[in-house]
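Visitor: Spelled out, the chains give:
2 protein chains.
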Amino acid sequence: MKDDPLVVRALRGATLERPPVWFMRQAGRYLPEYRAVRKTCSFLDLCHDADLACEVTLQPLRRFELDAAIVFSDILTVLQAVGRTVTFEAGEGPTVDPVRDAAGIDALVRPDVSDALPTAPETIRRFRRARPQTPILGFAGAPFTLLCYLVEGGGSKNWTHVKRFLYADPAAAQRALDLLADVVGDHLQDQVDAGAAAIQLFDTWAGALSPDDLERWALPSAARALSRVRGAPRLYFTKDTAPALSRLHQTGADAFGLDWRVDVREARVALGADVPVQGNLDPIALFAPPAVIRRKVQEILVAAGPTGHVFNLGHGVVPETPIEGVEVMVATAREGYAAARAALAAT
Amino acid sequence: MKDDPLVVRALRGATLERPPVWFMRQAGRYLPEYRAVRKTCSFLDLCHDADLACEVTLQPLRRFELDAAIVFSDILTVLQAVGRTVTFEAGEGPTVDPVRDAAGIDALVRPDVSDALPTAPETIRRFRRARPQTPILGFAGAPFTLLCYLVEGGGSKNWTHVKRFLYADPAAAQRALDLLADVVGDHLQDQVDAGAAAIQLFDTWAGALSPDDLERWALPSAARALSRVRGAPRLYFTKDTAPALSRLHQTGADAFGLDWRVDVREARVALGADVPVQGNLDPIALFAPPAVIRRKVQEILVAAGPTGHVFNLGHGVVPETPIEGVEVMVATAREGYAAARAALAAT
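First to last, the sequence lines map onto chains A and B. Everything in the first sequence is counted per this note's numbering, starting at 1 for the first residue and increasing by one. Everything in the second sequence is counted per this note's numbering, starting at 1 for the first residue and increasing by one.
Looking at chain A on its own, in the form it has when it is part of the complex (with noise of 0.2 Å):
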């Protein structure tokens, strides 16, 4: 284990001096380098060009000491893979053609996922070779997250069309989860095999639902999807799902992603003590003063303590972050706990 990178050991509960640092969305539009790559290619050539993505994955590791890459990708690709068409319009969320009923749900494709999904993996392998010492994160979206869309056909403020779907016809809407944890779960295991160090699902909008509904739908499907993964660290990220955290743990994973809004000290109450943990600065924070930063990253570290921590935002930082504050954040937080708990004290 001594020899495993910082943040398998952070997400193996490992105590550290300092907690491994990336950040959600750390290759990504806050960017120049990122804006003109984006100049010469769409979204989702980027996503499906190995060469491109692995030169995005790269990016923000020449700016800032980050213990870890994650693969530059979307969690879209699996519906494409799924039979679906997506598209990115500029400055629009996606579009997905939506599935609303049973017989669109049984006509979706279930591939052969290393044949539909080849880009992330190679894009690791990629990446392993330019830059063997840093460790890279595999990813993918969950179950439920990836239905959300698939439903909606795109973002919603209210996801209403997929929660209709759920209570007006469950049985369709649980084939569809596990078509789509499967994918998801031999995806994920193929990022593993090409040399992902640790993987995270992204159920952003699981916290959309009630606990009953979560417990009934989201989790269960990501914990099918987890179940494939073998043979490195599985992190779980929700939002808005604070209230049903010790809930988490039905998903199986190995560490837990927290958004801002929960407390980090509260958190691992709920989870157990000894359970790794990934957060958690409000990305908003990043617009603050340096002063305001540090102080912020300082009780986030004082909070998590320093055993089974990751370093991390608690949702994905927005493209109008200054780069200044992102600097501040990741110095801040590799000066380690000690200092940490020294500063606040000074105050």
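Keep in mind that the hints were calculated from the coordinates and are not lab data. If a hint is listed, it holds; no wrong ones were tucked in.
No copy is singled out in the list; a pair is fine if it fits within one copy or between any two copies.
Dumping the calculated EDC-like pairs for lysine to aspartate or glutamate here, alpha-carbon to alpha-carbon at most 20 Å:
| no. | residue 1 | residue 2 |
| --- | --- | --- |
| 1 | 157 | 89 |
| 2 | 157 | 92 |
| 3 | 2 | 17 |
Following the hints, put chain B in place on chain A, whose structure we already have.
Guide: Using the frame of chain A, we list chain B on its own:
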């Protein structure tokens, strides 16, 4: 207390055979008769005309057996009263001419509240004459939620401008919150003086904050507003703050509105078993088949128990909601706690 309306008794912690029932945005776009009125006037006209506002306040009571009305108004009238221009475009959210610096904050008007905000109290007086048998609730937006719209200039996904302002100029932000709290508090007291049986403070966007920022900004300013209100139970509604439920007592509110993400049973543990709560059906559950709606309402009744519980949605009813779904919800809640227990025991 026996002579008080059912909703007041529940908000004071009484044990009842069935919960009082009302729901957020019950006077609103899901009703064809409301849409008919809106063809004759703008949304803001409606908020500033006590005759029209009284009419739409009455509309849902003609359809459903509800135990309370809520005055038709909008939280942004308070921003007009402090000197800002508010507009509503059809199909869009509201727009406010934004204030993003200390000079703008210090140029805000401290109005004579009764002069500047006469319509909601007058609507309450008219409603009481028109329908004395039904209690009516007053309401206002909480200071932090109003600051969100004031600084951002409208709704937002990430609330970048308002958070940046909090971090960059906390003294000016505090002055704005103090001013808003005083105006909001006086406006709520005017509504109580006009005959409101209870009031609800809506802090919809408090849930965008991390717990430390919630405690620093949203809760103290809500407390300042509520401290100015006497003579009626005071409800505090937030969304996405379930991880911080025990902190909400810092507002000094008498009762708490719960969103649909929290299990009522667990919320009662966090808040204290004898603290009155309101909620909390997922508004999108109203799109489900009748049997699913019945079951979900029954589960909430059993989880909440008969002491200090007002039945409501966990957020406002959405415009596309089928009226039949509302009918099933209201009828099931009115059947009461014993019927709900029996129905669940039988399955």
